[in-house]
Amino acid sequence: MKIKLFAIAALGAFATACASTPPVDDTPPMRDPDPIVEPDDTGPVDTGPGYQLGSTEHFVEAAGDRVFFGLDRSDLSDEARMTLRRQAAWLASYPGARILVAGNCDERGTREYNLALGARRANAARTYLISQGVDPSRISTTSYGKERPTCTQSSETCWAVNRNSTTTLVGGYTN
Amino acid sequence: MTRILVLFAALLALIGWSAASDAQEPLRVDVTQGNLDPMPIAVPDFVGASNEALRRGADITRVVANDLASSGLFTPVDQDAFIEDIANIDLRPRFSDWRVINADALLVGSVTIQEDGRLVVGFRLWDTRLEEQLLGLQYRTAPENWRRVAHRLADAVYERLTGETGYFNTRIVYVSEGRGIEGEPIRQLALMDQDGANPSFLTDRSYMALLPNYSPSAQEITYVSFLDGQATTYLYNLETGRQEALFASGGAGAASQVDPDGQSLSARFSPDGSELAVSIETRSGHDIHLFDLQTRNLQRLTQHPADDVEPSFAPDGERIVFSSARGGGSQLYVMNRDGSDVQRITFGSGRYTTPVWSPRGDLIAFTKQVGGQFLLGVVRADGSGIERILYEGYFVDTPAWSPNGRVLLFTRGEARSNGTRYEIWSVDLAGFNLRRLATGGMASDPAWSPLIE
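As they're listed, the protein sequences go chains A and B. Heads up, the first sequence is in numbering that gives the first Met the number 0, so the first residue is 0 and it goes up one at a time. Heads up, the second sequence is in numbering that gives the first Met the number 0, so the first residue is 0 and it goes up one at a time.
Keep in mind that the hints were calculated from the coordinates and are not lab data. Here a beta-carbon is modelled for each residue, glycine too, at the ideal position from N, C-alpha and C. You may find that some hints are simply not true.
[Claimed, not checked] A few chain A residues facing chain B, derived, Cβ under 10 Å:
#1 THR55
#2 VAL59
#3 ALA62
#4 GLY63
#5 ARG80
#6 ALA101
#7 GLU106
#8 ARG107
#9 THR109
#10 ARG125
#11 ASP134
#12 THR140
#13 SER142
#14 SER153
Looking at chain A on its own, in the form it has when it is part of the complex:
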């Protein structure tokens, strides 16, 4: 999502650059002086976030859906706690929302070991969310072990990204 927003911002910047007066030099005149489409009012500029409040996009932007873990670890870093506190705060604003917390692992471990490690990561996130006031009945957990990597290359950068727990809204949110 971050990438998408960035892309929109970049597109905006590009449009602005095109609209500005070209520098005076001896470049040939523009080839098409007669626009086929008449310019029209595009309406007021949307200053909103670009997503619906209470939606998955809102959750991801406002709180962050992923927290990362160290190699072979399932304890929460300060940064992970901060993200989870934001998730808890968001969930407090949308009391109808239910979540699935899924634990993920890098591929540098055996299959069953990683299923257990992923469960540990999901439970660490769940326990912290509960300590931050989220009702346990709103949280379900699962472990995908190393089976659903977000990054599929065999590199340390990829493996670090794949060591996470990912929170997904699964009900009671704005579509």
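Position chain B relative to chain A; hints supplied.
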């Protein structure tokens, strides 16, 4: 008698194979040592009275020769080198013709198609130096079972020449891996003969299936299914195709402790097939449980806050090996079948996982992860002695024993530019004869069936 044979095999290993041949001792292949000098065996196409019989004879010959070669203990002699043309298997071969092309053993056979369509496959195994028949057998079967007969025949030859039970008439269930159109992971259970023939899928692409294990009857498997959104132990009947999720939460006894959110992992059968050992997640972590398939009673065997996973029965059913992080990093532990007398059996640095008890009882195979590498090893079940490493590489997982405990299948991964590539490989107990299993595409998690009757 067995003891004498073993002693004799050990003796042969000491003096070497060729010396044994020169000394005019009976043919014997030693499976316990790394075999860098496989026994040359001549396998002429089986004879027959009709074109159909000849064709089938050639098919059977190919399967038998391939089985024997795959063990690494035999080298089929090139058929182009043959001098004598075998026309009748009931006549004594001209042994000098076979000795001169260095064929220590000669396997001749015939195929007869009966009036009712059934096949009769007969064979004779000869020692070309002693000029003696070692074995002569005949199989009668429905024509579609010709591959089974070929594998049984190869097993009989292997058994006669090594003194060990064969493993060619077996099947392998494994996970066929891939990625879908949107990059989603595909993990389907697949079944094939040990030599890669007759492949078929057991599950579809709509959910992930992992970590299969065979029942001692070869009629059922357990596996881990994501059909319900998270890892759940399933029982799958290979005869009927019926499957069911085990360990529903909220049942009686230990089942009342099973968290609805808790996963259940790979389940292994007890040697008599009546029980499963399995790791089930509770709120306090993963613990080893025993599940009675008849009474459906679930019993908790370990209660440690650390994860206890990957249980595997000893062949006598009295002990269970599992991996646990209770000592800090993951190591291997053995306990009684009631959960008592837990003993740690590995002490090396690195992470030990995937213990599997050998069908012979003496060894436990494992994966060890250390220094960025993965190792496949075996250690004595009582933890004594030193561990033996059979393979070392970029990635290793899920070792599986051949039914005779002489060969291991395992998942092997190699780093590629587009991610890790997984294949199933086999290696013998001495760390020799490393071979890729004939699966189409990426494959992992092999489970080796018992010998099929």
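How the hints compare with the structure:
1. A distance limit of 10 Å between C-beta atoms decides the matter here; for A/THR55 the minimum to chain B is near 17 Å, and the interface restraint is violated.
2. Violation of the interface hint for A/VAL59 is found here, the shortest Cβ-Cβ separation to chain B being roughly 19 Å, above the 10 Å cut-off.
3. Interface restraint check: A/ALA62 against chain B, minimum CB-CB distance 22 Å, threshold 10 Å, status violated.
4. Evaluation of the A/GLY63 hint against chain B yields a violated restraint, the C-beta minimum of about 22 Å exceeding 10 Å.
5. The restraint placing A/ARG80 at the interface with chain B is violated, with a minimum CB-CB distance near 21 Å, outside the 10 Å limit.
6. With a cut of 10 Å, the hint placing A/ALA101 at the interface with chain B holds, because the nearest CB-to-CB distance is about 9 Å.
7. This hint holds: A/GLU106 has a C-beta 6 Å from the nearest C-beta of chain B, less than the 10 Å allowed.
8. The beta carbon of A/ARG107 is positioned within 10 Å of a beta carbon in chain B (closest approach about 7 Å), and the interface hint is therefore held.
9. This hint holds: A/THR109 has a C-beta 4 Å from the nearest C-beta of chain B, less than the 10 Å allowed.
10. Given hint, A/ARG125 at the interface with chain B, holds; its Cβ is 9 Å from that chain's nearest Cβ, closer than 10 Å.
11. A cut of 10 Å between beta carbons decides the hint on A/ASP134: the least distance to chain B is about 14 Å, and the hint is violated.
12. The restraint placing A/THR140 at the interface with chain B holds, with a minimum CB-CB distance near 5 Å, inside the 10 Å limit.
13. Checking A/SER142 against chain B: minimum C-beta separation of about 6 Å stays under 10 Å; hint holds.
14. A least Cβ separation of about 4 Å between A/SER153 and chain B falls short of the 10 Å threshold, and the interface hint therefore holds.
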